[in-house]
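K.L.:
Single-letter residue listing:
Number of protein chains: 2
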Amino acid sequence: MLKYFFTPENVCLIGASTNPDKLGFKILKNLIEGGYKGKIFPVNPKADTILNLKSYKNVLEIPEVCELAIIVIPSELVCDVAEECGKKGIKGLIVISAGFKETGPEGRKKEERLKEIVRKYKMRLIGPNCLGVIDTKNKLNASFASEMPLEGKISFITQSGALGTAILDWAVKENVGLSKFISFGNKADVSEIDLIEEFEDDSDTDVILLYLEGVNDGKKFMEVTKRVSSKKPIIVIKSGKTEKGTKTASSHTGSLSGSDTAFNSAIKQSGVIRANTVEELFDYALIFACQPILKGKNIGIITNAGGPAVMAVDMIEEIGLTLAEFSTETTEKLKNFLPSASNISNPVDILGDAQADRYERAIEFVISDDKVDGIIVILTPQVTTQIKETAECIAKTSKKYNKPVITCFMGGKRVEEGIKILKENKIPNYFSPERAIISLKAMYDYWRNLNEKPKGKVIKFKVEKEKVQEKINYFKNQKINTIGDIEGRGILSLYGINVINSFLAKDENECAEFLKENDGVYVMKLVSPDIIHKTEAGGIKLNITNSEEAKRAFLEIINSAKKYKPDVKIIGVQIQPMIKNGVEVIIGINKDIQFGHLIMFGLGGIYVELLKDVSFRLIPITDIDANNMIDEIKTSKILKGFRNIPKMDIEAIKETLLRVSQLILDFPEIKEMDINPLVVKEKGCTAVDVRFSFEF
Amino acid sequence: MLKYFFTPENVCLIGASTNPDKLGFKILKNLIEGGYKGKIFPVNPKADTILNLKSYKNVLEIPEVCELAIIVIPSELVCDVAEECGKKGIKGLIVISAGFKETGPEGRKKEERLKEIVRKYKMRLIGPNCLGVIDTKNKLNASFASEMPLEGKISFITQSGALGTAILDWAVKENVGLSKFISFGNKADVSEIDLIEEFEDDSDTDVILLYLEGVNDGKKFMEVTKRVSSKKPIIVIKSGKTEKGTKTASSHTGSLSGSDTAFNSAIKQSGVIRANTVEELFDYALIFACQPILKGKNIGIITNAGGPAVMAVDMIEEIGLTLAEFSTETTEKLKNFLPSASNISNPVDILGDAQADRYERAIEFVISDDKVDGIIVILTPQVTTQIKETAECIAKTSKKYNKPVITCFMGGKRVEEGIKILKENKIPNYFSPERAIISLKAMYDYWRNLNEKPKGKVIKFKVEKEKVQEKINYFKNQKINTIGDIEGRGILSLYGINVINSFLAKDENECAEFLKENDGVYVMKLVSPDIIHKTEAGGIKLNITNSEEAKRAFLEIINSAKKYKPDVKIIGVQIQPMIKNGVEVIIGINKDIQFGHLIMFGLGGIYVELLKDVSFRLIPITDIDANNMIDEIKTSKILKGFRNIPKMDIEAIKETLLRVSQLILDFPEIKEMDINPLVVKEKGCTAVDVRFSFEF
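Which chain is which? The protein sequence lines are A and B, in order. Position one of the first sequence corresponds to residue 2 (this note's numbering), numbered consecutively onward. Position one of the second sequence corresponds to residue 2 (this note's numbering), numbered consecutively onward.
Extracted from the complex, chain A is given alone in its bound form:
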């Protein structure tokens, strides 16, 4: 679809310059020196030739139709030139020039006009305000990056040109091969989503790396990354995680950075791998691009030093991988050839005097063990350590097995030559054991996500959709944007969610009457649109068992409410049966402007607020998502039978989550919702308090 950005038949550079200090010169030089095989047409109204190429006054003068135009002229001129490009029949524009949306209202207008022109002529546009595009295989350097990286299988998509320069500079120094590099700037047209789709079936791309500051179309992003990440790993780093961070992101980039919760949920649900730092991004990129996938969590360690191995084991425990237990056969083999002071169980310590041959045999024995899924080889540069030879042995052995082998050659100067050999043989070397282990974990998570069985599915329950539609139409017509308990429970009930029985009493006599006719223990609660925290307003009375108590409770509740808020609007008092021996949980909905509705689950009471022990997913959720949401919270053990609290009906919570998800999917005008609490018992669960708000 976007092939002409990477393998164009020919290219014109509008704004080519004879001045070596200008970008228009650098880009032309890069195009030529990169080794691009197609024809290059510089465009410059004043020059005849630039860098020995004939230059044209304008695009229309070029004797051929170009597939790709690179534009690097002042922003005021860009739109007119783009119009010419459209007329000429050019397919793709890369607008390097800055001075658009990122500069304020004036620039934003220019950008809007540019977008219109692009649409009009059915062109596609990368940029403006970007670094350009590189395709190493096709030897196209349509950017002003100084050096072209080696050919490789990683494609890198970056929203920040500045970070792009740093990444290219890193790739060049570390000899990391890239397939494609795209800085998409203001993403006036082509976005990260288009590019991910472009690389979905690109045989030159094994790993997609992404630097993002914000996502425009969250739902599409999720849909595409979900599909593509089932074919190849997508690794993303996004800045703007905390509130202050987000503020900076919007003021800096003109991009609307969404709440990180929604973004995080999106990538979790799509199987995208998140890197937390640039370092992690690189670490992950290396292992995914260089090594076969880790198909289990059992890690073997071979080391010539105890300390670093302990650090690796610490990290394995911490992040949820497993220190492999070797088969007796492997242990025997290790025992038979290693010196007696060695540690023959995992981590295998082959001692400080280990030379390359000892490493080689130990690695061979460990990696061929079926109980080992991947290995890390640790080396410290001791006196007799054969650094180069050991690197060669590792390279040789690793090629025989379809399991990841990574290394941690620790140190600086002496280990350099070993690391060079490792790199040449696509063995990622990590500075510390911890980083090596964390990278393996990313791989394991990716594999597990791909192979999780059964796959989750969105369940469709039989519900009374039309009746809810009627109610919501009514609220809309009446301009009612918030509804409380009574109406709220009505809606939930139509979606098959069990709600508490409730009687609304308008005065103390109705209360007394109700208690006369109904046995049992009751709770009485104020119903008022003005008071949210009922307890604080004295709006709740427990353990009501007879008419006398009910009457008194009614009057006390009304009194307290009036004291709490003199002009309070009171609808009445609800009388509900008291539920005993249940655990209170909360299910909530809120809406993210980029990704849509988020559903939240947590244990109720003060702990939600205090510990923020909640889990989130984007709507719609699958049955597996519902399961994971419950499992993810730290307090979920309470629901599973803990001490003298019996096992609660987790299936009922799951079903409620799924039914809520269906409700929100059917009625996206629901902006927020809280079921707080949903009381779970050994059998079943009941929605007690509910609030909805709408966005019509």
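The hints are simulated quantities; they were obtained by calculation from the structure and are not laboratory data. Note that beta-carbon positions come from the ideal geometry of N, C-alpha and C, so glycine has one too. Incorrect hints may appear among the rest.
A few chain B residues facing chain A, derived, Cβ under 8 Å [as the list claims (entries may be wrong)]: (1) Pro21; (2) Leu24; (3) Ala167; (4) Glu214; (5) Gly241; (6) Met312; (7) Asp315; (8) Ala342; (9) Gln356; (10) Ala357; (11) Gln383; (12) Gly413; (13) Arg415; (14) Glu633; (15) Lys635.
Starting from the known structure of chain A, fit chain B onto it as the hints suggest.
P.N.:
Just chain B, lined up with the frame of chain A:
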């Protein structure tokens, strides 16, 4: 005290060799080539000269008394040679040779004999099984490390020789200067504690770096590090954090690795800085060795790229530093000279085309602002970026202010030359903004710890120590190792801790009698040494208000207990007043074999077990420690007035913590203790259930 290990007048090398492959040759070569100015005496029974130095048959033959002997001969011969060294009057031994404790019982015996000899002759010993010692200022390379690092102000002490080689190799490559390097191996004599004390007043040591696998004398370690870290930063990395990690540590090093909780508490209470990875160790070392201390939490950022600045801001928020707010004067100054598209508030984005002069002025304005405590300068290698010149400007400006300046020049090849200049000017450069910020945080924590006012003190309450002594003597004589509620509360009470009133009833009639004479609401609890989880055994009855209920409750409790455990030993049933409207907390004691007693605090109920939301300190604790213990737990907000829960008496908890600390200090034979729950109310707190165990 240990001067002769670093600045010996003269040195002998026992086991010097003519064979270039042997350590005995390498060490001699290192001694000579390192530039050591004193006399060197090689000892080898077979050679006449080695490397142009006259060689001696044995130590006794040497015409002078050496201050330091380096021994690198087979372990079987070491003890005899050490004996000769003692006779000769040598003061310090560095035993490089392996084959001691780390190899098993035989080696352990040899090591014990070696220790005896050292004691007998009042020598001191580093090793055995170590890499040796380096003093860069004195140009002493008494190790077999290949290259000598530059002279600097960091002294590095390592328990692992292997990790030592990696660190030296790193220091050489990165041009990081070290003052001293000591690999102390099996620490048969000189330990990390001796070395830390040695560097306490060493003017050549500004920063002490420590790699540990275990600590032998936890209390001494704490005492010394507390004192020394108030003079200079001590940065420690310890392997063996998780359970599996610890297991590996002991099998590998013969060193008994203590529980990490105790170690972590120890360093927290001593003001030692903990690095979690080798990378962090290096990162911290650089900032402490190169930059003035950060004296506040307000960080300024100057950048030529938005994305990385956002990452820095994210991390600042996450770890509890603050993004500085500039004075209006600074903002004005920035506004006046920066291009209009720049961001003039913090982080200051001086745009992608910023050259060195723009960096310089921006840095100057920001760092001179009193509201800024330290700065980080971020640079991405864009087209017009003057990498070298910018590095020079940073170096120049940073020297004018007594505030830390660190950088994050991102990339690889192009930024190399800039980083080189930064290094030469002692500006630490970090690969990622996150690592830079984390390093600043370590500095801030160190500064805050030093300057925390008021200083905490251990408070001594008036207590009935003698009476507790009597009780404990009795338990000891009776060989009673565990005591429950009734005796336990007796002890607490003598230390001024408020305990619940309790009546022990032997039969149902005593229960009935008690309720007849006492009004109120009571709880009844089984008293049995055999049942720990009383609730599960049906051993607790709540809300007892009259004789009838009390009688019935007694019988039911006894019945349930017998069903739960047929041969249960029953002492009786306690009757206690029910405490309402309190919050349950837990105070516990356990004993670490290396560091002694740990005191724990957490919120009671199932949340302690589920969330592990507890804090630890080593005994004795100060009033500030008690404060921090309460503040540290996530659920502590519940105690401070939360929603409709009133503010609880935190002072009473503090006092209880301090009184428990005093009790344990007075009676170290108390091995474990649990007050669970301690019920806190708006005024006061009450110990309800208590258990003690002793180690006589």
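K.L.:
Honestly, which of those hints from before does the structure not fit?
P.N.:
1, 9, 10, 14
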